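In case you want the letters, here they are:
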Amino acid sequence: MGCVQNLGYEVILEYTSFKECRAYIEKHFSEIYFVDPGFLLFEKRMIGVPPIALAIEGEDTVILPYTKPCFGTYLLRVRDEEGVAYVRENARRKP
Amino acid sequence: MSSGIAGRPSAIMLSQGKVSGLQIQDEEPKDALIVLGCPEVPVQQALALYLADRLNDDGWNLTIAGNPAVLHLLKVSDPKKVYIRELVELERCIEEVSAEQRIPDLVFSFVHSDAGVSYTQTIRFLFQGRMVVLVFGRNAEELTTDLEIPCDLVMDPAVHNPNKIRRRLDQLMGWVT
Numbered sequence: 001m002g003c004v005q006n007l008g009y010e011v012i013l014e015y016t017s018f019k020e021c022r023a024y025i026e027k028h029f030s031e032i033y034f035v036d037p038g039f040l041l042f043e044k045r046m047i048g049v050p051p052i053a054l055a056i057e058g059e060d061t062v063i064l065p066y067t068k069p070c071f072g073t074y075l076l077r078v079r080d081e082e083g084v085a086y087v088r089e090n091a092r093r094k095p
Numbered sequence: 001m002s003s004g005i006a007g008r009p010s011a012i013m014l015s016q017g018k019v020s021g022l023q024i025q026d027e028e029p030k031d032a033l034i035v036l037g038c039p040e041v042p043v044q045q046a047l048a049l050y051l052a053d054r055l056n057d058d059g060w061n062l063t064i065a066g067n068p069a070v071l072h073l074l075k076v077s078d079p080k081k082v083y084i085r086e087l088v089e090l091e092r093c094i095e096e097v098s099a100e101q102r103i104p105d106l107v108f109s110f111v112h113s114d115a116g117v118s119y120t121q122t123i124r125f126l127f128q129g130r131m132v133v134l135v136f137g138r139n140a141e142e143l144t145t146d147l148e149i150p151c152d153l154v155m156d157p158a159v160h161n162p163n164k165i166r167r168r169l170d171q172l173m174g175w176v177t
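Order-wise, the sequence lines are chains A and B.
Counting along the first sequence from 1, when you hit position 6 you're at 6 in the numbering used here, and nothing is skipped either side.
Counting along the second sequence from 1, when you hit position 76 you're at 76 in the numbering used here, and nothing is skipped either side.
Some clues are possibly wrong.
As the list claims (entries may be wrong) - Here are some chain A residues pointing at chain B (derived, C-beta under 7 Å):
1. Ser17
2. Phe18
3. Arg45
4. Pro50
These are calculated hints, taken from the structure and not from any lab test.
The model shown is predicted, which means the values in this text are computed figures rather than measured ones.
We put the beta carbon where it would ideally sit given N, CA and C, even for glycine.
Please put together the full structure from these sequences, using the hints given.
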């Protein structure tokens with residue numbers, strides 16, 4: 001599981017808010033997980049309002065929010081089987 | 001350790017050691033962390049340097065965290081490092097706090113955007129001590145409603161004039177002279 005920048009990603013939402021990202025995940029995905037701020041995923045600490053919602057799509061894709069100070073929160077789609085396994089093993093299913 | 005420059009009395013002298021609750025005569029210097037947001041709102045830079053000056057005079061070991069743009073602005077504004085001390089990139093700071101490699105005693109977090117709320121909530125989750133949150137900018141009131149965290153809150157929709165926030169900060173920290 002490498003860094004999100006090196007793995008490549010697709011932007012689902014951009015210049016948005018943490019609330020909108022969470023709402024989008026809860027509306028569009030069924031395999032949803034929750035983590036706390038500081039959770040290490042793709043070599044980055046998760047930033048956000050706890051609990052932070054993530055999702056798994058299929059067997060090889062992680063959906064996660066990514067916050068930048070000047071650009072708000074992005075919702076990213078990252079293909080990485082190791083990442084999927086890591087989220088399933090370390091994140092929780094309930095907020 | 002006072003940061004007062006030659007010929008200038010320190011804030012400790014002016015306020016008789018009451019400032020920010022640190023009895024520096026009796027205690028080892030403690031670590032204060034200022035977490036800055038995107039530098040697009042002008043009051044942030046002024047308040048950050050003002051706060052740094054106060055904390056330095058009070059004897060805190062000061063670190064300022066921000067994105068690269070914020071850190072460049074600070075370095076150019078204060079080339080002789082009269083106010084700034086340690087600077088750290090924001091993501092690295094979050095990493096260090098998460099890994100408990102950095103354990104501050106006091107945190108000030110600046111918020112003027114949704115991203116600022118996210119970073120502040122993250123620091124709040126990771127840090128158990130006293131936290132002062134300064135919320136400013138045109139959306140200050142709305143952003144404050146998203147900050148449901150235990151903290152000392154200073155809020156004003158200031159964009160260009162930092163004086164109201166500065167006065168409230170002075171009162172909160174006991175810097176009123």
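Query raised in the report: Under the criterion of a CB-CB separation shorter than 7 Å, is A:Ser17 in contact with chain B as hinted?
Result: holds, 4 Å
Query raised in the report: At a threshold of 7 Å, is the proposed contact between A:Pro50 and chain B supported by beta-carbon distances?
Result: holds, 5 Å
Query raised in the report: Does the interface hint hold: is A:Phe18 within less than 7 Å of chain B, judged Cβ to Cβ?
Result: Holds, because the Cβ-Cβ distance from A:Phe18 to chain B comes to roughly 5 Å (cut-off 7 Å).
Report task. Under 7 Å, Cβ to Cβ, is where A:Arg45 needs to be relative to chain B, so tell me if that hint holds or is violated. Result -> A:Arg45 check passes; min Cβ-Cβ to chain B is 5 Å, inside 7 Å.
In this structure, every one of the numbered hints holds.
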